[in-house]
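Peer 1: Sequence:
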Amino acid sequence: LYPQTNEDVEIVPGFSALPYKEYFRIFIDFNMDGDFNDFGELAFNPGWATDGPVNGTLFVPDFQSEGLSRMRIMMKYKGSGNPPPQPCETFEFGQVEDYCVWLSPGPVGTTENPSPSKINDMLVYPRPARDRVWLQAPAMEAGPWRLEVRDVTGCLMQSQEGTAASQTVFTEFDVSNWPSGTYVAVLECGENRVSAIVMKR
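Count along the sequence shown from 1, add 76, and you get the number used in the numbering used here.
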């Protein structure tokens with residue numbers, strides 16, 4: 077997600093039996109402080125309850141944070157007198173799901189499948205990967221570099237070190253035994269740092 081942009085949203089509820097009126101909301105931790113209580117972090121609020129799909133626009137405010145953050149999608153039964161869902165409340169009927177989103181204050185770029193993903197000039201392919209991942213990034217300066225790949229909890233999955241003799245770092249690693257999900261690769265070279273999303277099928 078990029079600052080001051082809008083994204084189309086469609087949420088389709090599923091019911092085990094009869095449909096009920098549900099109130100949907102989406103919260104995003106844009107300043108990455110661990111909560112959804114700050115101004116602008118209610119990113120989607122349709123304003124009414126529905127028993128069918130809901131469509132609208134997710135509003136992204138200006139932000140300066142960069143990295144992996146949390147998005148919370150909430151569906152709460154809207155009975156008589158029930159208020160809309162709050163980001164950290166408990167309720168009897170409904171569902172709450174958390175997802176990871178990448179926040180980048182940089183300019184919007186475009187990628188098309190199956191082209192490599194590009195975030196801050198690091199290329200990652202294939203995306204998603206099944207067995208092996210290749211990364212290519214500008215070294216920015218000749219000298220030693222270090223690559224770390226972590227999961228969404230911060231657990232280190234892979235680390236590599238090397239020396240860049242040219243202006244490009246090219247490396248690969250095995251992900252065949254990793255759980256399916258989203259990971260973050262960070263390459264540091266001197267005082268410079270680039271990052272990218274790695275997705276495992």
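Bear in mind the hints are in silico, worked out from the structure with no lab data behind them.
There may be inaccurate statements among the hints.
[Stated by the list, open to error] Here are the computed distance ranges between Cβ atoms for each label pair: (1) C164 <-> V88: 20 to 26 angstroms; (2) G157 <-> V177: 28 to 34 angstroms; (3) S92 <-> E142: 39 to 45 angstroms; (4) E83 <-> E224: 53 to 59 angstroms; (5) Q236 <-> E142: 21 to 27 angstroms; (6) G230 <-> F115: 36 to 42 angstroms; (7) A93 <-> G123: 24 to 30 angstroms; (8) D138 <-> P255: 33 to 39 angstroms; (9) E86 <-> D109: 40 to 46 angstroms; (10) R208 <-> D138: 36 to 42 angstroms; (11) G257 <-> E142: 18 to 24 angstroms.
All C-beta atoms, glycine included, are put in the ideal place defined by N, C-alpha and C.
Peer 1: Assuming the hint says 53 to 59 angstroms, is it satisfied by the Cβ distance from E83 to E224 or not?
Peer 2: Roughly 29 angstroms apart at Cβ, these two residues miss the hinted range, so it is violated.
Peer 1: Does the beta carbon distance between C164 and V88 stay inside 20 to 26 angstroms, or does it fall outside?
Peer 2: At 25 angstroms between Cβs, range holds.
Peer 1: Is the gap between the beta carbons of G157 and V177 within 28 to 34 angstroms?
Peer 2: Holds: the Cβ-Cβ distance is about 33 angstroms, inside 28 to 34 angstroms.
Peer 1: Do the Cβ positions of Q236 and E142 conform to the proposed distance bound of 21 to 27 angstroms?
Peer 2: 22 angstroms, holds
Peer 1: Could one say that the CB atoms of E86 and D109 fall in the range 40 to 46 angstroms?
Peer 2: 29 angstroms, violated
Peer 1: Look at the Cβ atoms of D138 and P255 and judge whether their distance stays inside 33 to 39 angstroms.
Peer 2: 34 angstroms, holds
Peer 1: Between G257 and E142, does the beta-carbon spacing fit 18 to 24 angstroms?
Peer 2: The hint (18 to 24 angstroms, Cβ to Cβ) holds, given that G257 and E142 are roughly 20 angstroms apart.
Peer 1: Are G230 and F115 spaced within 36 to 42 angstroms by their CB atoms?
Peer 2: 27 angstroms, violated
Peer 1: So the hint says 36 to 42 angstroms: do the beta-carbon atoms of R208 and D138 match that?
Peer 2: Cβ of R208 to Cβ of D138: about 38 angstroms, so the range 36 to 42 angstroms holds.
Peer 1: CB of S92 to CB of E142, is that within 39 to 45 angstroms?
Peer 2: Cβ of S92 to Cβ of E142: about 40 angstroms, so the range 39 to 45 angstroms holds.
Peer 1: For the hint 24 to 30 angstroms, verify it against the beta carbon of A93 and that of G123.
Peer 2: 27 angstroms, holds
Hints 4, 6, 9 from the list above are not met by this structure, while the remaining hints are.
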